[in-house]
Amino acid sequence: MREITIGDKTLRLRGSALSLLHYQQEFGRDLLGDMVGMMTGLAGFQTFAGGEVDPAKLDLSKLDSVAILRLIWTLERTAAGAGGAFPSFVKWLEEHEDIDIFDPELLTAVMEEATKIFFRGKSAVAPAAQR
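So for the sequence shown, this note's numbering puts the first residue at 1228; every next one is plus one.
Rather than coming from a laboratory, the hints here were simulated on the basis of the structure. Bear in mind that the values here come from a model prediction, so they are computed numbers and not experimental data. Do not rely on the hints blindly, as some may be mistaken.
Label-pair restraints from in silico Cβ distances [as the list claims (entries may be wrong)]:
(1) Gly1255 x Asp1235: 24 to 34 Å
(2) Pro1314 x Arg1229: 17 to 27 Å
(3) Phe1329 x Thr1237: 15 to 25 Å
(4) Leu1259 x Asp1235: 27 to 37 Å
Ideal Cβ positions, reconstructed from N, Cα and C, are used throughout, including at glycine.
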């Protein structure tokens, strides 16, 4: 889990297998499919690796900016756990209307946390599945 401060708000982000379920239940869509589209649209956004943005490689026609917001909501929902009520996506957007989805620090944190959902180390695989 990681925390990132956006304006006067702190977002707690956590990616896990539960994130897939939260995303599916809230949006009726598959998170992996949406992430492929996000990564395609952000291919030139090299700040993930500490480099410069290459505008020639950005294909914003393939970018679904709402999908990025859905991902951020999902990661924050996962971090919140089952212990309390979490706002719907619409309510969450109303509370975070000043969020900048192209903030390099936020995008990096979101994408790094999201990759934990799909790319886990060997220790996360059940022993029976390793055979």
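**OP:** Using the beta carbons of Leu1259 and Asp1235, state whether their distance is inside 27 to 37 Å or not.
**Re:** Cβ of Leu1259 to Cβ of Asp1235: about 33 Å, so the range 27 to 37 Å holds.
Original post:
Does 17 to 27 Å hold as the CB distance between Pro1314 and Arg1229, or does it fail?
Top reply: Roughly 20 Å apart at Cβ, these two residues keep to the hinted range, so it holds.
**OP:** Could you see if the CB distance from Gly1255 to Asp1235 stays within 24 to 34 Å?
**Re:** At 32 Å between Cβs, range holds.
Subject >> Consistency of beta-carbon spacing, Thr1237 to Phe1329, with hint 15 to 25 Å >> reply: 19 Å, holds
The earlier numbered hints are all upheld by this structure, with none contradicted.
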